[in-house]
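Undergrad: The residues making up each chain are set out below.
2 protein chains.
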Amino acid sequence: MIPIVRADGAAEWELLASLRRRSGEVDRKVTAAVTEIIDAVRERGDDAVREYTVKFDGRCPETFEVNRDEINDALTLAEPEFVNAMLSAMENIAAFHNRQKQQSFIDTQENGVIMGQRVRGLSRVGLYVPGGTAAYPSSVLMNCIPARIAGVGEIVMVTPPQKDGTANPDILAAAAVAGVDRVFLMGGAQAVAALAYGTDSVPRVDKIVGPGNIYVATAKRLLYGTVDIDMIAGPSEILIAADDTANPVYLAADMMSQAEHDVLASSVLLTTSERVAEETAAELERQVERLSRAGIIRKSLADYGMIIVCRCEAEMIALANELAPEHMEIMTANPLEYIGKIDNVGSLFLGQHSPEPLGDYFAGPNHVLPTSGTARFFSPLGVDSFLKRSSFLYYTREALAEAQVPIVRLADREGLTAHANSIKVRFPDVW
Amino acid sequence: MIPIVRADGAAEWELLASLRRRSGEVDRKVTAAVTEIIDAVRERGDDAVREYTVKFDGRCPETFEVNRDEINDALTLAEPEFVNAMLSAMENIAAFHNRQKQQSFIDTQENGVIMGQRVRGLSRVGLYVPGGTAAYPSSVLMNCIPARIAGVGEIVMVTPPQKDGTANPDILAAAAVAGVDRVFLMGGAQAVAALAYGTDSVPRVDKIVGPGNIYVATAKRLLYGTVDIDMIAGPSEILIAADDTANPVYLAADMMSQAEHDVLASSVLLTTSERVAEETAAELERQVERLSRAGIIRKSLADYGMIIVCRCEAEMIALANELAPEHMEIMTANPLEYIGKIDNVGSLFLGQHSPEPLGDYFAGPNHVLPTSGTARFFSPLGVDSFLKRSSFLYYTREALAEAQVPIVRLADREGLTAHANSIKVRFPDVW
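Note that the protein sequences, when read in sequence, are chains D and P.
Letter by letter, the first sequence follows residues 1 to 431 in the numbering used here.
Letter by letter, the second sequence follows residues 1 to 431 in the numbering used here.
By construction, these hints were calculated from the structure, which means they are not laboratory data.
One thing to keep in mind: the hints can contain errors.
A pair counts as met if it fits within one copy or between any two copies, since identical chains are not told apart.
[Said to hold, decoys possible] Lysine-lysine pairs mimicking DSS-like chemistry, simulated, CA-CA at most 30 Å apart:
| hint | residue 1 | residue 2 |
| --- | --- | --- |
| 1 | K299 | K29 |
| 2 | K55 | K163 |
| 3 | K341 | K101 |
| 4 | K424 | K101 |
| 5 | K424 | K29 |
| 6 | K424 | K299 |
| 7 | K29 | K101 |
| 8 | K341 | K29 |
Model the full structure from these sequences, guided by the hints.
TA: Right, dumping it as structure tokens:
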């Protein structure tokens with residue numbers, strides 16, 4: 001099911017290259033279709049959304065917005081155990097994200113100068129929640145909680161209607177728990193465009209977050225700049241580094257927890273132990289039988305999974321930093337040391353008892369993470385993602401007088417005489 | 001030269017709409033040309049860069065990289081007054097940006113749980129510096145200083161060769177002051193592609209920052225995701241709010257300091273004073289005569305300038321927040337109050353003695369700011385722009401045992417049995 005290779009051959013580099021390719025290319029047909037949808041929604045608003053909803057979702061709700069009572073009812077009617085699990089998770093997620101909040105600052109000088117940076121939440125954020133089997137309550141929590149902590153004024157959710165024309169009740173219950181302000185039953189590129197431009201029903205937002213299919217992702221990419229977006233998420237990934245202290249039962253289980261997402265998902269094990277490599281491969285075969293998504297898992301592991309036997313820890317670390325994985329588990333004798341050694345990673349799971357689903361659902365750090373090697377430069381979703389900064393500056397006449405010479409000199413050097421002039425007119429005796 | 005209109009007519013809304021349109025549409029021809037350049041550089045590296053350099057810049061330097069001695073010489077040979085002005089500016093810029101630095105954090109719990117967020121600088125950043133009259137030393141400082149403070153490992157500059165095949169000496173001097181590590185003589189989309197993919201000469205970077213023409217901007221947009229980018233900068237803007245305490249001489253000078261950048265630049269004055277409106281219009285006519293870029297200024301003010309007479313302060317504030325200007329000056333009796341009133345702005349300049357060029361060159365806050373209304377959701381360039389975050393998580397067996405029930409419940413609810421399995425295999429006695 002999964003290939004085992006030795007590091008420093010060619011196989012692991014081919015794998016890295018193939019992982020990069022998964023998310024890459026923009027599909028011209030999809031781009032053309034999405035461009036048409038975006039233009040229609042910009043020009044005709046709700047009417048266009050209604051037409052596309054009928055076309056893609058079969059029928060369109062009479063009103064797009066879900067009634068507040070319906071949202072509250074979804075929470076009341078949900079299984080208490082499910083609600084309690086969400087509440088426990090929310091507590092942890094909020095505790096972690098509270099630590100991320102940046103403060104405004106101000107600096108003052110004796111000559112009266114005041115300057116600083118104001119930090120505040122975005123006014124309104126749109127959250128896309130996919131329909132069908134990809135409608136995940138945990139995703140609602142992970143997107144809304146940092147937005148709330150950032151002080152976002154209003155969170156607006158869009159989600160496609162189910163076949164019967166109603167909203168998924170688990171998603172509504174999660175929306176109620178996470179404090180979503182308004183919910184609209186629409187999906188696809190048309191919902192993204194409605195959020196970006198605003199329609200009679202849907203208010204215009206400042207940023208759109210949340211996962212979606214290729215149409216949703218393409219709409220976000222095309223509307224970037226008209227509105228801010230979170231990131232273009234590629235297929236999910238896990239990389240595990242293990243030495244001979246690792247338990248192959250855990251390794252196999254954790255690899256498959258990633259592989260079940262998608263046939264494009266990637267699960268890669270790096271290990272310094274030949275024995276661990278072989279036993280993990282055997283464990284994969286053993287455990288996959290009892291999992292509901294065995295078909296997806298088998299294909300994902302065959303296409304994008306690999307066990308790579310490394311000669312030393314340093315080789316595992318170098319490969320990890322090259323791959324820049326979304327999730328990485330460390331199952332070695334010294335897991336905490338890796339915090340400083342893995343430079344390119346979305347989220348690190350350290351030790352035998354920190355499986356990736358712990359982070360997906362419960363522990364606190366965000367599960368919206370950079371994929372496809374972009375952890376080299378992108379960061380997990382967080383409170384920062386929902387803040388905007390602006391600077392302010394107040395100079396006194398005395399302070400500007402002191403600063404005038406270098407400013408005029410630099411402006412003149414750049415050939416910008418009107419820049420220099422704005423200083424000079426304030427000190428006509430000098431210039 | 002500049003229209004004067006009354007607020008709450010239609011004219012100011014038409015202006016806002018026309019400002020939005022300036023930056024907007026993607027040019028298909030440019031996109032096609034840039035796509036070809038990007039593909040060529042990805043496939044053929046330096047050879048392709050060399051061909052495009054000859055084609056667009058007339059000739060190609062024998063080696064792309066500028067010798068370290070040449071960079072140091074540029075600083076030694078530069079006018080001492082110019083160098084000193086840069087050094088004073090750098091001190092202020094560094095002091096302000098030092099306040100922005102985020103720290104890593106760690107949280108610990110009694111049950112042994114450790115989690116946190118590691119924050120660190122990007123490994124390598126590319127800075128694009130345009131050639132010709134848009135080669136601004138101040139831009140080198142504003143881009144490099146926050147990168148240095150963020151802890152970026154290496155800063156690589158690209159800039160097109162001058163007609164004689166050498167680098168602009170002012171830019172080299174600024175690079176030496178700001179601590180640029182390597183400089184390459186190449187420009188346009190080919191230089192951006194070289195930074196994004198790496199070539200034999202140019203190392204691959206994690207993020208590309210800096211201004212550029214439509215080809216550079218399009219290349220950055222197309223390569224976003226392969227590499228991070230700063231923002232897609234539109235034409236520059238200033239908005240001024242003034243009451244009858246404002247000095248029309250200063251107002252006119254400050255409006256023109258923005259207008260001289262570009263015929264697409266926008267300078268708009270909001271004022272509650274009819275007299276200030278008229279006197280400022282007269283001052284514009286008077287002062288423009290003595291400025292070297294009078295032609296650009298006249299066209300910019302005629303096309304994208306406006307004086308809008310407002311009925312009250314609240315109207316000025318509402319218009320400002322709608323416009324979300326890159327720069328805003330406040331020339332009223334109570335300028336500091338505006339810090340909390342202007343929600344959508346890149347940088348605020350408060351009072352009579354804080355003209356915008358003070359911020360462009362000297363005071364400390366960054367001059368790379370969101371344009372075209374994107375201050376609604378984008379922020380000034382800053383230390384954050386050069387940081388990446390990642391989270392880490394370490395659970396003990398005891399802690400995971402306590403958390404297992406809600407995790408399994410949520411995973412089951414989402415139909416992800418392999419996620420649940422990764423918890424269950426760790427507690428076979430329970431499940």
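Undergrad: Are the CA atoms of K424 and K29 at most 30 Å apart within a copy, between copies, both, or neither?
TA: neither (57 Å within a copy, 44 Å between copies)
Undergrad: Is it within, between, both, or neither for K341 and K29, if the alpha carbons may be no more than 30 Å apart?
TA: The answer is neither: 42 Å in one copy and 45 Å across copies each exceed 30 Å.
Undergrad: Please sort K299 with K29 into within, between, both or neither, judging by C-alpha distance up to 30 Å.
TA: Within one copy, since 26 Å is at most 30 Å while 41 Å is not.
Undergrad: If the cut is 30 Å between Cα atoms, do K55 and K163 qualify within a copy, between copies, both or neither?
TA: within (13 Å within a copy, 57 Å between copies)
Undergrad: Between copies, within a copy, both or neither: which fits K424 and K299 at Cα up to 30 Å?
TA: between (71 Å within a copy, 23 Å between copies)
Undergrad: When no copy is specified for K29 and K101, does a C-alpha distance of 30 Å or less occur within a copy, between copies, both, or neither?
TA: Close neither inside one copy (41 Å) nor across copies (43 Å); limit 30 Å.
Undergrad: Could you place K341 and K101 in one of the four classes (within, between, both, neither) given a Cα distance threshold of 30 Å?
TA: For K341 and K101, both the intra-copy (26 Å) and inter-copy (21 Å) Cα distances are at most 30 Å.
Undergrad: Is it within, between, both or neither when you check K424 against K101 at 30 Å Cα-Cα?
TA: neither (41 Å within a copy, 35 Å between copies)
Checked against the numbered hints above, the structure violates hints 4, 5, 7 and 8; every other hint is satisfied.
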